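Engineer: The residues making up each chain are set out below.
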Amino acid sequence: MSEVFAVGIGQTEVGEHWDRSLRQLGAAAARAALADAGTDRVDALYVGNMLAGDLSGQHHLGPLIAEHAGLLGIEAVAVEAACGSGGAAFRTAFLAVASGHVEAALVVGVEKMTDRPGKEVTQGLVTAADADFESQIGLSFVAINALLMRRYLLEHRVSRDDFAPFIVNAHANAVHNPMAMYRFAVSAAEFSRQAMVADPISVLDSSPVCDGAAAVLLCSRDRARGLGRNAARVRACTVGTDTIALHDRRDPLELAAAVRSSRRAYELAGIQPRDIDLFEAHDAFSIMTALSLEAAGFAERGRGVAFGASGAIAIDGDLPLSTMGGLKARGHPVGATGVYQIAEVLLQLRGEAGQNQVKNATLGMAQNIGGSGATVVTTVLEAVR
Amino acid sequence: MEVPRHWRTQSARYALEGTVCQRCGETSFPPRDLCSRCGSGEVIAKRLSGRGEIYSYSTVFQGPNGFAEYAPYLVALVRLAEGPLVAAQLTDVDPDAVQIGMPVEMVTRRLREDGPKGIVVYGYKFRPPLVAG
Amino acid sequence: MKAMKPSRDVGVVGYGAYVPRFRLPSTEVSRVWSGTAAGGPVAAKSVPGLDEDVVTMSVEAVRSAVRRARIDPAAIGAVWVGSESHPYAVKPTGTIVAEAIGAVPATLAADLEFACKAGTEAIEAAIGLVGSGMTDYAVAVGMDTAQGRPGDALEYTAGAGGAAFVIGPAAESVAILEGSLSYVTDTPDFWRRQYALYPEHGARFTGVPAYFKHVGAAGRALMDALGTTAADYAHAVFHQPNTKFPTKAAKDLGFSAAQLRLGMLANEIGNTYAGAAILGFTAILDEAKPGDRVLVVSFGSGAGSDALSFRVTERITELPRDIPATRTYVARAVPLDYALYARNRRKIMVE
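Chains as they are written, first to last, in the working numbering: chain A, 1 to 385; chain D, 1 to 133; chain S, 1 to 351.
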């Protein structure tokens with residue numbers, strides 16, 4: 001298996017892009033990544049997207065994005081794993097380059113959520129769950145996370161206010177990220193006062209509905225030579241899965257797919273959790289942040305929330321978390337999120353994270369979750385200096 | 001309209017019909033063609049008792065298609081007496097009265113309809129038992 | 001008139017009740033439509049929840065009936081549901097109920113409509129089917145989620161609820177049928193045309209020529225045919241569109257208030273239409289003693305009455321205790337104001 005290097009990053013601002021379409025957003029991120037890498041040579045395009053079929057009436061995004069990004073004719077396919085689509089597309093590109101069949105693969109994560117009213121977005125998002133036995137009985141995606149959080153509060157004897165550090169941290173970091181949707185700070189007191197969306201999940205516990213696209217160019221060692229300002233090496237990219245429905249899990253409070261994919265990633269990279277310098281967690285809901293920290297081995301079971309309160313998650317802490325705002329404050333254009341996370345890790349490893357720069361960042365990890373934890377993609381990247 | 005789809009899952013929705021593995025004895029709900037524990041294909045259908053207790057719960061204010069007219073409504077994960085966990089709505093109970101661990105029993109209620117002219121989808125919900133024990 | 005009796009003795013093997021938990025006090029209707037706190041002919045009426053209809057209510061009542069009967073649902077040979085508020089105009093309630101309780105596929109299933117008499121009509125059909133030996137067990141349901149036009153006199157009383165019965169062999173019965181009789185004429189006192197949301201009625205014409213004539217004639221003729229008098233009955237229940245009508249009809253036939261007491265539910269839950277008389281019957285069975293005679297007289301507009309005479313057996317003392325009694329349903333009363341009632345009954349335009 002050949003080594004794989006990330007040589008280009010492209011992002012559009014996350015937000016409500018009333019004047020830009022799905023294809024325009026995807027193409028813009030793709031062009032930005034190619035420009036960043038300083039090349040036009042791409043052999044394959046892998047597009048991560050979840051909702052285009054439901055919200056734009058558009059599947060078949062491989063050729064669509066290739067055509068509009070000026071890459072007409074290349075190998076191009078879309079990859080879907082619900083909110084884990086971006087990570088899954090990255091994994092596909094990684095495999096393609098690692099196999100030696102493809103020398104340069106572009107990953108584009110793109111989502112256009114604002115063309116339809118909120119209730120249609122709600123319906124779209126719930127397709128990540130079990131259609132026959134979750135959404136057909138009336139569960140929404142928010143409610144599934146609320147069920148998890150309520151149980152977590154009871155079993156681990158914490159209060160919902162204890163989740164505040166995750167939200168405060170994410171918003172503080174987003175202030176300095178020009179691509180973030182919510183570039184404002186939030187206090188613990190403000191978090192505590194928020195209205196419930198699905199008790200115990202409040203408005204500030206959940207990530208926003210938004211549009212966005214991000215791209216990363218992956219290359220073989222040969223192709224990477226001379227490209228990119230600061231290349232980074234992909235040390236591992238792994239996918240773990242679990243039951244699609246929350247109720248079918250032996251222990252709903254354990255993200256078994258995250259346990260599986262993180263363990264495998266650590267094994268492949270030959271590292272321990274303590275070697276990771278920063279972590280982009282899938283904080284679509286604050287309960288998911290806590291469960292990810294536990295599943296990935298950063299905190300003991302039930303101690304994820306305490307970990308958040310310990311100060312470890314700050315930019316200058318032991319494990320800086322959601323360093324550019326996370327899903328919570330950068331925004332969560334669902335199928336694009338996994339690629340944003342990786343792009344942000346790459347910015348840190350390249351030393352280009354501005355005021356949010358983590359000092360001496362060498363190993364960064366991103367974890368992208370599909371559904372309530374049925375797909376988890378863990379990616380470990382290393383700075384090449 | 002998704003008539004065949006609703007029809008296919010009727011036994012599970014109307015009567016909590018799950019499956020029991022003939023090799024390892026595991027009870028599954030929803031029903032499975034392959035046992036979720038040992039992978040055996042030797043499973044038979046079984047109607048579950050409908051008794052259980054609340055594992056977790058929340059309130060849905062904006063639900064999936066077809067549920068708008070019922071919102072807000074309570075949803076829960078219910079640990080059934082036979083072991084499986086099932087996601088379902090709660091009915092005939094006020095939000096303030098719900099607690100994790102409280103016993104519930106299955107009832108059959110309207111889940112939604114496929115528009116004013118479409119079929120009515122009936123299925124399981126849970127409520128506090130009318131008669132204790 | 002001659003009493004009807006099947007060639008083999010049959011009776012009620014199991015029974016179940018259902019009343020939704022919501023109540024609309026009649027003072028809420030008068031507050032909105034007459035600006036007074038005068039109320040109406042009953043104190044309150046039962047109102048179904050948003051997720052309830054004749055199918056869901058029937059399923060629960062039948063499940064209780066089958067549990068009390070302690071039979072294998074697969075042995076049920078018919079599921080007949082009498083109602084004027086079936087969720088579908090075409091597509092049987094009976095098949096959904098039969099599927100839910102596990103009576104399919106070797107069963108008859110159909111819906112009956114005879115205004116408030118559809119429930120006892122279903123019982124009569126079940127008696128015939130079991131009494132002829134065609135099957136051992138037949139399920140009969142009378143259940144309604146009745147609607148009155150907003151502001152109309154009927155809105156004070158049109159309630160929701162009903163009962164289900166497993167009719168089976170006399171030897172297994174908690175109440176054995178002694179005989180029954182039906183009295184039917186074409187009397188248009190109340191009707192609802194196809195596609196009409198609310199029924200029309202003949203106001204005072206619904207009284208003497210309709211309710212009192214048919215209930216009185218059926219009750220009198222059955223007692224005459226069986227050689228019984230009011231004094232022979234421990235309990236009697238009459239169709240109860242309000243409290244006044246059944247009280248008067250009972251008095252005319254020689255029954256006392258004490259005989260009516262157990263089965264009189266109208267003041268608390270209103271008129272449950274096809275469920276009204278038989279819900280009173282299940283309330284009586286919940287309390288009845290072996291040897292008690294019970295007279296049940298229904299009335300359906302259009303019009304007709306079924307009168308049925310039962311004798312309670314020793315088996316009434318052996319019923320499982322963990323099944324909700326009729327009074328348990330009646331007692332779980334959650335009051336609604338008119339606005340929530342209007343929402344529950346989908347009287348607010350949202351689309």
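It is possible that part of the hints are untrue.
[As the list claims (entries may be wrong)] Dumping the calculated BS3-like pairs for lysine-lysine here, alpha-carbon to alpha-carbon at most 27 Å: (1) S:K248 - S:K213; (2) S:K347 - D:K117; (3) S:K244 - S:K213; (4) S:K213 - S:K2; (5) S:K2 - S:K248; (6) S:K289 - S:K248; (7) A:K119 - D:K46; (8) S:K347 - S:K2; (9) A:K119 - S:K347; (10) S:K251 - S:K289; (11) S:K5 - S:K347; (12) S:K251 - D:K117.
[Unchecked claim] Rough simulated footprint, nothing fancy, chain D against chain A, three-plus residues with beta-carbon under 8 Å: (13) 53-61; (14) 123-137; (15) 276-282.
[Unchecked claim] Beta-carbon label-pair distances, calculated as ranges: (16) D:K46 - S:A89: 33 to 39 Å; (17) A:E254 - D:E105: 24 to 30 Å; (18) S:A37 - A:E254: 55 to 61 Å; (19) S:E351 - A:E254: 39 to 45 Å; (20) D:E53 - A:D161: 24 to 30 Å; (21) A:Q194 - S:A89: 29 to 35 Å; (22) S:D72 - A:Q194: 50 to 56 Å; (23) D:F61 - S:R149: 19 to 25 Å; (24) S:Q194 - A:D161: 47 to 53 Å; (25) A:V175 - S:Y88: 26 to 32 Å.
Don't read these hints as lab results, they were simulated from the structure.
The structure presented is a predicted model; accordingly, all values stated were derived computationally and were not measured.
Glycine is no exception: its CB is placed at the ideal position from the N, C-alpha and C atoms.
Engineer: It remains to establish, for every hint, whether it holds in the given structure.
Structural biologist: Status of each hint after checking the structure:
In summary, the hint linking K248 (chain S) to K213 (chain S) is supported, as the alpha carbons are separated by about 12 Å, within the 27 Å threshold. Proposed proximity of K347 (chain S) and K117 (chain D) is supported: the alpha carbons are some 17 Å apart, at most 27 Å. Restraint check for K244 (chain S) and K213 (chain S): satisfied, since their Cα atoms lie roughly 15 Å apart, inside the 27 Å limit. Of the pairs offered as hints, the one joining K213 (chain S) and K2 (chain S) holds, with about 18 Å between alpha carbons and a cut-off of 27 Å not exceeded.
Using a Cα cut-off of 27 Å, the hinted pair K2 (chain S) and K248 (chain S) holds, with the two alpha carbons roughly 25 Å apart. Restraint check: the Cα-Cα separation between K289 (chain S) and K248 (chain S) comes to about 26 Å, which is no more than 27 Å; the hinted pair holds. In summary, the hint linking K119 (chain A) to K46 (chain D) is not supported, as the alpha carbons are separated by about 37 Å, beyond the 27 Å threshold. With a C-alpha separation of about 46 Å, the suggested pair K347 (chain S) and K2 (chain S) falls outside the 27 Å cut-off, and the hint is violated.
Distance check on the hinted pair: K119 (chain A) and K347 (chain S) sit about 23 Å apart at the alpha-carbon level, within 27 Å; holds. Note on K251 (chain S) and K289 (chain S): the hinted pairing holds, with a Cα-Cα distance of about 23 Å set against a maximum of 27 Å. About 45 Å separates the Cα atoms of K5 (chain S) and K347 (chain S), which puts this hinted pair outside 27 Å; it is violated. For a cut-off of 27 Å, the pair hint linking K251 (chain S) to K117 (chain D) is broken: about 47 Å separates their Cα positions.
Counting residues of the segment 53-61 of chain A whose C-beta sits closer than 8 Å to any C-beta of chain D gives 0, which falls short of three, so the coverage hint is violated. Check on the segment 123-137 of chain A: 8 of its residues sit with their Cβ under 8 Å from a Cβ of chain D, so the three-residue criterion for coverage holds. Counting residues of the segment 276-282 of chain A whose CB lies closer than 8 Å to any CB of chain D gives 0, which falls below the minimum of 3, so the coverage claim is violated. Checking the proposed 33 to 39 Å range against K46 (chain D) and A89 (chain S) shows it holds: the Cβ atoms sit about 36 Å from each other.
Range check, E254 (chain A) to E105 (chain D): Cβ separation about 29 Å, and the 24 to 30 Å hint holds. Separation of A37 (chain S) from E254 (chain A) is about 58 Å and conforms to the stated range, judged on CB atoms against 55 to 61 Å. Our hint of 39 to 45 Å for E351 (chain S) and E254 (chain A) holds, since their Cβ atoms are close to 43 Å apart. For E53 (chain D) and D161 (chain A), the Cβ-Cβ distance of about 27 Å falls inside the hinted range of 24 to 30 Å, so the restraint holds.
With their beta carbons about 47 Å apart, Q194 (chain A) and A89 (chain S) fall outside the hinted range of 29 to 35 Å. About 54 Å separates the C-beta atoms of D72 (chain S) and Q194 (chain A), a value consistent with the hinted range of 50 to 56 Å. Take F61 (chain D) and R149 (chain S): their Cβ atoms lie about 33 Å apart, and the range 19 to 25 Å is violated. The given range of 47 to 53 Å is broken by Q194 (chain S) and D161 (chain A), whose C-beta atoms sit roughly 59 Å from each other.
Checked against the hint of 26 to 32 Å, the pair V175 (chain A) and Y88 (chain S) fails, with Cβ atoms roughly 58 Å apart.
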